[in-house]
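Protein sequences, first through last, are from chains A and B.
Each step along the first sequence adds one to the number in the numbering used here, with nothing skipped, and position 232 is 633.
Each step along the second sequence adds one to the number in the numbering used here, with nothing skipped, and position 103 is 141.
Just so you know, these hints were derived from the structure itself, not from any lab.
Glycine is no exception: its CB is placed at the ideal position from the N, C-alpha and C atoms.
Each hint should be verified, as a subset may be incorrect.
Claimed, not checked - So, partial list: chain B residues that the calculated Cβ filter (under 10 Å) puts toward chain A:
1) Val81
2) Ala111
3) Phe171
4) Gly179
5) Phe189
To be verified - Restricting the straight-line Cα-Cα distance to at most 16 Å, the calculated cross-link-like pairs of lysine to aspartate or glutamate (EDC-like) are:
6) A/Lys679 - A/Asp931
7) A/Lys508 - B/Asp227
8) A/Lys928 - A/Glu938
9) B/Lys131 - B/Glu49
10) A/Lys916 - B/Asp227
11) A/Lys508 - A/Glu920
12) A/Lys679 - A/Glu938
13) A/Lys514 - B/Glu49
14) A/Lys679 - A/Glu937
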Amino acid sequence: MISKIRIAEAPNYLTEEQGIRSWLLTTDHKRICLLYIAAITFFFVLGGIAALLIRLELLTPVTDLVSPETYNKLFSEHGIIMVWLFLIPSIPATLGNFLIPEMIGAKDVAFPKLNLASWYVFMIGGLLIMYGIARGGIDTGWTFYTPFSTIYSTTEVAVTGVGIFIVGFSSIMTGVNFIVTIHRLRAPGMTWFRMPLFLWSLYSTSVVMVLATPVLAIALLMIIWERVFQVGIFSPELGGDPVLFQHLFWFYSHPAVYIMVLPSMGVVSEIVAAFSRKAVFGYVFVAFSSVAIAVLGFLVWGHHMFVAGESVYSALAFSVLSYLVAVPSAIKVFNWSATLYKGSVSLDTPMLYALGFIGLFTIGGMTGLFVAALGIDVHVTDTYFVIAHFHYIMVGGAVMGYLGGLHYWWPKISGRMYPERLAKAAALIVFLGFNLTFFPQFVLGWLGMPRRYAAYPPEWQWLHILSTAGATILAVGYLMPLLYLTWAWKRGPLAGHNPWRATGLEWQISSPPPKHNFETTPIVTHKAYDYAGMKEELGLV
Amino acid sequence: MSKAEALALREPFSTPQHQRDTAMLGMWVFIATEVLFFGGLFVAFAVYRMYYTQGFLEGSRGMTLVIGTINSAVLIASTFTMSLAIHAIQHNKQLRCYLLLLITALIGLVFLALKFTEYFIHYQEHKVPGIWFESHDPQAGPEQLFYIFYFAMTGLHAIHLSIGCGLVTTMAVRTALGRFNGNYHTAIDVTGLYWHFVDIIWGFLYAIFYIPGFR
Ligand SMILES: [Cu+2]
């Protein structure tokens with residue numbers, strides 16, 4: 402009750418200033434979080450529509466819904482939108498933006514103006530990519546492989562490339578901001594090893610953003626340069642090396658997978674602790690496993706070029722290094738499971754998503770070992786097996802984590818609760834729809850169905866029908882939170898400052914938080930997830 | 039805390055020192071990004087130089103060594119004046135700082151002028167890939183690759199330097215307006231860091247493009 406009265410009395414970050422101007426010129430990290438949520442939700446719907454069209458086309462073995470050219474554009478735009486306009490910014494720019502200052506007891510991020518600028522840069526890049534679509538789109542796939550992208554493709558490669566280049570800088574700005582914020586703005590007593598694990602994962606993510614994104618930027622710049630000036634940087638007839646582009650591209654794009662999934666792992670750590678009422682088992686190991694994943698992630702890019710003429714020796718080295726990534730990943734999965742052990746587990750919606758993440762990420766990770774093995778990779782390269790594998794990581798992992806986090810912190814962001822039963826139903830629908838969509842694709846890939854084809858032999862149709870049916874269910878599962886979270890924004894019951902009775906500084910301030918988060922800088926005396934030591938304060942006795 | 043300091047202190051910080059350290063760290067992290075940004079080009083250059091040692095050597099021999107060497111000296115001079123400017127403001131000498139910043143920006147412009155003279159010479163020699171490139175060498179492909187990287191990398195560096203000139207000029211104007219003093223000069227420090235970084239990049243560019251052409 403106390404918190405309800407507090408909401409009625411004190412203005413919060415949503416009510417303190419009004420009007421569209423106060424939103425577009427805000428430097429408040431919490432409002433910028435909402436700007437990003439609006440933007441990436443729009444792009445997610447767009448990328449989702451492309452995915453549904455792809456799945457509809459694949460319902461029959463022949464090309465009937467769209468032409469093969471359009472199909473190429475559909476899967477290219479689906480990949481580009483989902484990777485750069487949704488997954489890369491998803492958790493960091495939204496939940497990360499909102500929570501980093503609150504979790505470390507700061508008033509804002511280190512560079513609030515840079516934070517706002519990152520959103521505008523993101524929007525400019527995003528709009529440029531949209532402009533590319535309006536002019537006919539792009540058909541190179543999201544990977545821009547040369548020499549197709551530089552010489553043969555007649556589609557909007559340059560415009561789209563510039564768009565992604567610009568979006569990359571918004572990602573770098575976010576990364577710089579987060580690294581500096583975590584280093585410099587922690588409240589007294591908030592030592593590195595008292596930080597919530599979400600921050601360790603975001604810190605690692607930021608390092609990847611800062612060190613990998615510029616290499617993508619320069620690779621794209623070279624493609625644009627080659628196209629605009631009609632010179633050969635990567636074209637073999639002028640002495641260029643197309644595989645060099647693949648090296649530069651994957652030097653970013655493999656670590657980018659960890660930009661997408663590490664934040665989700667952080668979210669899962671928070672949720673598992675909160676709904677088991679226990680500290681995360683082996684905190685230090687989980688923290689350093691994030692760092693290890695970020696570091697190892699830079700050393701494995703060559704596993705994308707096993708069949709591209711890479712020497713046997715480098716292929717061997719990249720294969721072994723890729724296997725090593727499994728170690729910190731497994732540490733996380735084991736430690737989350739150990740956290741559940743003898744915890745008082747409650748299965749609220751965020752927990753359903755977290756458990757879903759653990760299961761799906763495990764499948765995605767294990768099949769990652771299949772494709773990291775040289776012999777098997779030669780068999781499944783560019784097949785639906787690879788598609789299924791990385792969707793288990795990016796959708797089953799990253800998106801599940803994003804949705805889990807959104808539900809977990811929605812009461813903090815909006816100040817209101819969402820309808821719990823509906824949300825649980827949606828979580829189950831997402832889980833079922835996801836597996837029905839992507840599990841058949843493992844089978845398809847193993848049987849030899851190549852990616853990026855609009856037509857296929859009729860005997861595989863039943864697997865495609867299953868997959869398309871799953872995608873439809875998945876779409877329903879994604880639409881539900883969109884609707885009820887929006888509904889709850891104004892009409893949900895008031896949440897109070899700590900509806901989950903969780904530890905963490907963000908739960909000690911009112912919901913929605915006041916504009917400057919903390920009236921006085923808090924002094925931290927507990928380690929993270931000290932459920933045993935904070936029983937009375939949290940009302941758990 | 040003086041009035042100027044209080045004005046300069048922004049939202050999440052409690053003290054000017056805290057704000058300064060944070061801003062410097064921000065620039066260091068940004069420089070890490072920049073290293074990888076140029077790094078991609080350096081790696082690609084290194085790969086091709088390994089493939090086509092002879093052709094790239096041919097390219098290096100086409101460089102205007104004199105201008106390149108003068109330009110290196112010019113940038114080292116600007117590093118020196120930039121450091122002096124920071125030293126001046128640390129000792130609260132605003133006028134001296136203002137003049138030194140202006141000189142730094144001017145030296146930057148001299149560098150750019152010389153650089154574009156070089157570009158013009160290459161244009162006259164028909165060595166601009168994509169616009170006008172001729173070569174009768176059997177190594178024409180590799181030589182063109184060399185020039186692509188030459189223009190891409192020095193061009194990118196020139197863009198960075200132009201931004202640097204803009205920043206340094208802004209700092210000079212703000213110094214003249216009395217925004218900085220011995221206690222508060224964060225923005226000049228940060229600009230200086232960036233300026234030095236851009237200078238260092240030139241050192242590497244000089245090494246890979248010009249030095250192999252020494253006869
Ligand atoms: Cu990879």
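Structure-based check of each hint:
1. Val81: Given a least distance of 7 Å, the restraint on B/Val81 holds.
2. Ala111: violated, 28 Å
3. Phe171: Check passed: Cβ of B/Phe171 comes within 8 Å of chain A, closer than 10 Å.
4. Gly179: holds, 4 Å
5. Phe189: holds, 9 Å
6. A/Lys679 - A/Asp931: holds, 7 Å
7. A/Lys508 - B/Asp227: violated, 25 Å
8. A/Lys928 - A/Glu938: holds, 14 Å
9. B/Lys131 - B/Glu49: violated, 28 Å
10. A/Lys916 - B/Asp227: violated, 31 Å
11. A/Lys508 - A/Glu920: Distance of about 9 Å is within 16 Å: holds.
12. A/Lys679 - A/Glu938: Holds. A/Lys679 to A/Glu938 sits at ~15 Å (cutoff 16 Å).
13. A/Lys514 - B/Glu49: holds, 10 Å
14. A/Lys679 - A/Glu937: holds, 14 Å
Comparing the model with each earlier hint shows violations of hints 2, 7, 9, 10; every other hint is respected.
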